[in-house]
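Colleague: Got chain A sorted already, so can you dock chain B onto it with the hints?
Protein chains: 2
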Amino acid sequence: MVAIEDVGEFEAIRRMIAARPAVAGVVVAGGDDAAVLRPEPGMDLAVTTDTFVEGRHWRAEWIGARALGARLALANLSDLAAMAARPQWAVVSYGVRGDHELDEILAFDAGLAAVLADEGAGLVGGNFAAVDGPEWFGLTLFGACAPGLAWTRSLARAGDLIAVTGALGRAGAALALAQRFGAPAAGAWWAPLFEAWAAPESRVGIARALADTGAVHAALDVSDGFGADLHHMCDASVAGVEIDGAAWPIDPLLERAARDLGVPADTLRLGPSDDYELVLAIAPAARASCAAIARDAHVPLAWVGRFTDRAGERIWIEPDGARRVLPHSGWDHFAHG
Amino acid sequence: MVAIEDVGEFEAIRRMIAARPAVAGVVVAGGDDAAVLRPEPGMDLAVTTDTFVEGRHWRAEWIGARALGARLALANLSDLAAMAARPQWAVVSYGVRGDHELDEILAFDAGLAAVLADEGAGLVGGNFAAVDGPEWFGLTLFGACAPGLAWTRSLARAGDLIAVTGALGRAGAALALAQRFGAPAAGAWWAPLFEAWAAPESRVGIARALADTGAVHAALDVSDGFGADLHHMCDASVAGVEIDGAAWPIDPLLERAARDLGVPADTLRLGPSDDYELVLAIAPAARASCAAIARDAHVPLAWVGRFTDRAGERIWIEPDGARRVLPHSGWDHFAHG
Numbered sequence: 001m002v003a004i005e006d007v008g009e010f011e012a013i014r015r016m017i018a019a020r021p022a023v024a025g026v027v028v029a030g031g032d033d034a035a036v037l038r039p040e041p042g043m044d045l046a047v048t049t050d051t052f053v054e055g056r057h058w059r060a061e062w063i064g065a066r067a068l069g070a071r072l073a074l075a076n077l078s079d080l081a082a083m084a085a086r087p088q089w090a091v092v093s094y095g096v097r098g099d100h101e102l103d104e105i106l107a108f109d110a111g112l113a114a115v116l117a118d119e120g121a122g123l124v125g126g127n128f129a130a131v132d133g134p135e136w137f138g139l140t141l142f143g144a145c146a147p148g149l150a151w152t153r154s155l156a157r158a159g160d161l162i163a164v165t166g167a168l169g170r171a172g173a174a175l176a177l178a179q180r181f182g183a184p185a186a187g188a189w190w191a192p193l194f195e196a197w198a199a200p201e202s203r204v205g206i207a208r209a210l211a212d213t214g215a216v217h218a219a220l221d222v223s224d225g226f227g228a229d230l231h232h233m234c235d236a237s238v239a240g241v242e243i244d245g246a247a248w249p250i251d252p253l254l255e256r257a258a259r260d261l262g263v264p265a266d267t268l269r270l271g272p273s274d275d276y277e278l279v280l281a282i283a284p285a286a287r288a289s290c291a292a293i294a295r296d297a298h299v300p301l302a303w304v305g306r307f308t309d310r311a312g313e314r315i316w317i318e319p320d321g322a323r324r325v326l327p328h329s330g331w332d333h334f335a336h337g
Numbered sequence: 338m339v340a341i342e343d344v345g346e347f348e349a350i351r352r353m354i355a356a357r358p359a360v361a362g363v364v365v366a367g368g369d370d371a372a373v374l375r376p377e378p379g380m381d382l383a384v385t386t387d388t389f390v391e392g393r394h395w396r397a398e399w400i401g402a403r404a405l406g407a408r409l410a411l412a413n414l415s416d417l418a419a420m421a422a423r424p425q426w427a428v429v430s431y432g433v434r435g436d437h438e439l440d441e442i443l444a445f446d447a448g449l450a451a452v453l454a455d456e457g458a459g460l461v462g463g464n465f466a467a468v469d470g471p472e473w474f475g476l477t478l479f480g481a482c483a484p485g486l487a488w489t490r491s492l493a494r495a496g497d498l499i500a501v502t503g504a505l506g507r508a509g510a511a512l513a514l515a516q517r518f519g520a521p522a523a524g525a526w527w528a529p530l531f532e533a534w535a536a537p538e539s540r541v542g543i544a545r546a547l548a549d550t551g552a553v554h555a556a557l558d559v560s561d562g563f564g565a566d567l568h569h570m571c572d573a574s575v576a577g578v579e580i581d582g583a584a585w586p587i588d589p590l591l592e593r594a595a596r597d598l599g600v601p602a603d604t605l606r607l608g609p610s611d612d613y614e615l616v617l618a619i620a621p622a623a624r625a626s627c628a629a630i631a632r633d634a635h636v637p638l639a640w641v642g643r644f645t646d647r648a649g650e651r652i653w654i655e656p657d658g659a660r661r662v663l664p665h666s667g668w669d670h671f672a673h674g
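Those protein sequence lines, which keep their order, are chains A and B. Quick note on numbering: this note's numbering labels position 132 of the first sequence as 132, and the sequence is numbered without any gaps. Quick note on numbering: this note's numbering labels position 153 of the second sequence as 490, and the sequence is numbered without any gaps.
Here chain A stands alone, though its shape is the one from the complex (with noise of 0.2 angstroms):
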């Protein structure tokens, strides 16, 4: 007898996905940030699902009702932005206590709704359930893609840059403080970093523009940390990888969180942390022209490293020019410890 937890997440869901019979009218099937549908020809539709669990995505005194809401919506358009689709429908399934406040399921579900028509999306409809023990909030997000054109993380080529939007970490390092210190008081030296954990950013727009170029080549979004999703993308594209060390933008709140945490930088940097930012696979004569579309829009985007036909070796250069293996520990929410 096997338990989830003695496989972890990602190899029970590898066997749940090769178990399924196949399905017509499926693009891009289960496995990357999203799914694609082709309900007709001409027409593809992406779908996303995500749900937050109560002391284990979050805590009561951590954030807020209307602002958790939101970030619920944020998580859910990460996918689709990494799709490069345009966000339309949604739907929501609340399993929550009847003694919880009425006003404060309405806020949640005003913050989720706000982010959703900032995009022009909606909802649309819903599942209310009673439960008991930990509540949660789930969100079902329908977007269209332009006809064979959705972005997936299997076709980075050699040669590639790696671009990634935002800065990475985060919102793992947030975490990690919240869990230790609990949330910040305002004013806080780390609040930037908690704010960056509680209200990401929609990459939706970024996303799109970038797609209008045709140079990138695969995407996904930080979900789990760049280290582990850095390796999925490598190995649905069977390419290898180089990190540029020096090219990593500097984040002093984050050496700083490093310090009060007793943790090395790279642990923050790499390792496990939903930030919700872009990472992409960019032909390289496209560079500038990406950069410059990135700078209009007012988002941060760095370029860390390249792809390469090593299909096996995924490496960080040190500024000093040292070589050594990419780290690739991310979330798994069924590992031990």
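Note that these hints are calculated values from the structure, not bench results. Heads up, a few of these hints could be off.
What the hints assert, rightly or not - For the chain A half of the interface with chain B, some residues (derived, Cβ under 10 angstroms), not all of them:
no.: 1; residue: A3
no.: 2; residue: I4
no.: 3; residue: I13
no.: 4; residue: A24
no.: 5; residue: A34
no.: 6; residue: G55
no.: 7; residue: A90
no.: 8; residue: G95
no.: 9; residue: V96
no.: 10; residue: L102
no.: 11; residue: I105
no.: 12; residue: V124
no.: 13; residue: A144
no.: 14; residue: V299
Built from N, CA and C at the ideal position, the CB exists for glycine as well.
Modeller: Frame of chain A; chain B shown alone:
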């Protein structure tokens, strides 16, 4: 301060929906069995979601993992049947404990996938979360509708006949018996009732065949109980109803269950029961043709009453002609008691 259980599930949902911004491309919004979306002119997509919560919707000693997965698929298929939609794709969301046996989860997933495959639909993705408390299993299912022709619950007309599939009330009776006596032994007199709860029939095929007649004006599926669901249909259609007690199908097993449980038989017929059967508003001229379609499909179809233009009036006519108010207590997951 008002808690959800103070106002009940339906009022909480009503307030949530009322506060949500309008969304483009929505043909049928929240509050029906499924939402209907229009990604492109000439193409309608129905979407529904449902989640089973351990201890609320099932107990492990009543139903195995594979059968439970099948039942979750059937619950969602029932919502699409009630829209006359053709099921196509589904995504799951599972919240399970880390020590859960992997084979059990794979069996659940396989049971769910097999039922979907029977209808030409399949799983395309999902989300997997770790929980410490009660487990839950959610499904979001979508399918195609003939553009503009999805059934709703709001277009029943005065004079329409009311037809119901299957044997209503059996699921609720089985649940009450199981709560009192545990799951039935093989060959127990009430095993057929339990089977109606554990493995409801898919009504997708009969729904699509009836839709082709153009004579079905409104539909919903019985997920709360006939009385409650019919009241929802009357409210949505601004119509009254008369139900002929004399036309109601005699169900000796349900009558025996009522005796054993010490409740009136009407409580089981009309009260809380997630039968996943259809309630249909059908043009009187089409009675014979619809009856023939049901007979050919081997689906029991009973003609139990008619809609009237007296919107406030919901009447049960006893076999002796006495008229009384149709009860409407269904499931409210947050109601006290």
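Colleague: Hint by hint, say whether it matches the structure.
Modeller: Evaluated hints:
1. Among the interface hints, the one on A/A3 holds; its C-beta lies about 5 angstroms from the nearest C-beta in chain B, closer than the 10 angstroms criterion.
2. With 10 angstroms as the threshold, the beta carbon of A/I4 comes within range of chain B, its nearest partner Cβ sitting at about 5 angstroms, so the hint holds.
3. At a threshold of 10 angstroms, the smallest CB-CB gap from A/I13 to chain B is about 6 angstroms, leaving the interface hint in force.
4. With 10 angstroms as the threshold, the beta carbon of A/A24 comes within range of chain B, its nearest partner Cβ sitting at about 7 angstroms, so the hint holds.
5. Interface restraint check: A/A34 against chain B, minimum CB-CB distance 7 angstroms, threshold 10 angstroms, status holds.
6. Against a cut-off of 10 angstroms between C-beta atoms, the interface hint on A/G55 holds, since the closest Cβ of chain B lies about 7 angstroms away.
7. Contact between A/A90 and chain B, as hinted, is supported at the beta carbon level, the nearest pair being about 9 angstroms apart and thus within 10 angstroms.
8. The restraint placing A/G95 at the interface with chain B holds, with a minimum CB-CB distance near 6 angstroms, inside the 10 angstroms limit.
9. Interface hint at A/V96: satisfied, since its Cβ lies 6 angstroms from the closest Cβ of chain B, which is below the 10 angstroms cut-off.
10. A distance limit of 10 angstroms between C-beta atoms decides the matter here; for A/L102 the minimum to chain B is near 5 angstroms, and the interface restraint holds.
11. Checking A/I105 against chain B: minimum C-beta separation of about 7 angstroms stays under 10 angstroms; hint holds.
12. Residue-level restraint check for A/V124 holds (minimum Cβ-Cβ distance to chain B is 4 angstroms; threshold 10 angstroms).
13. Given hint, A/A144 at the interface with chain B, holds; its Cβ is 6 angstroms from that chain's nearest Cβ, closer than 10 angstroms.
14. Using the Cβ-Cβ criterion of 10 angstroms, the hint placing A/V299 at the interface with chain B is not satisfied: the shortest such distance is roughly 26 angstroms.
Of the numbered hints listed earlier, the single one contradicted by the structure is hint 14.
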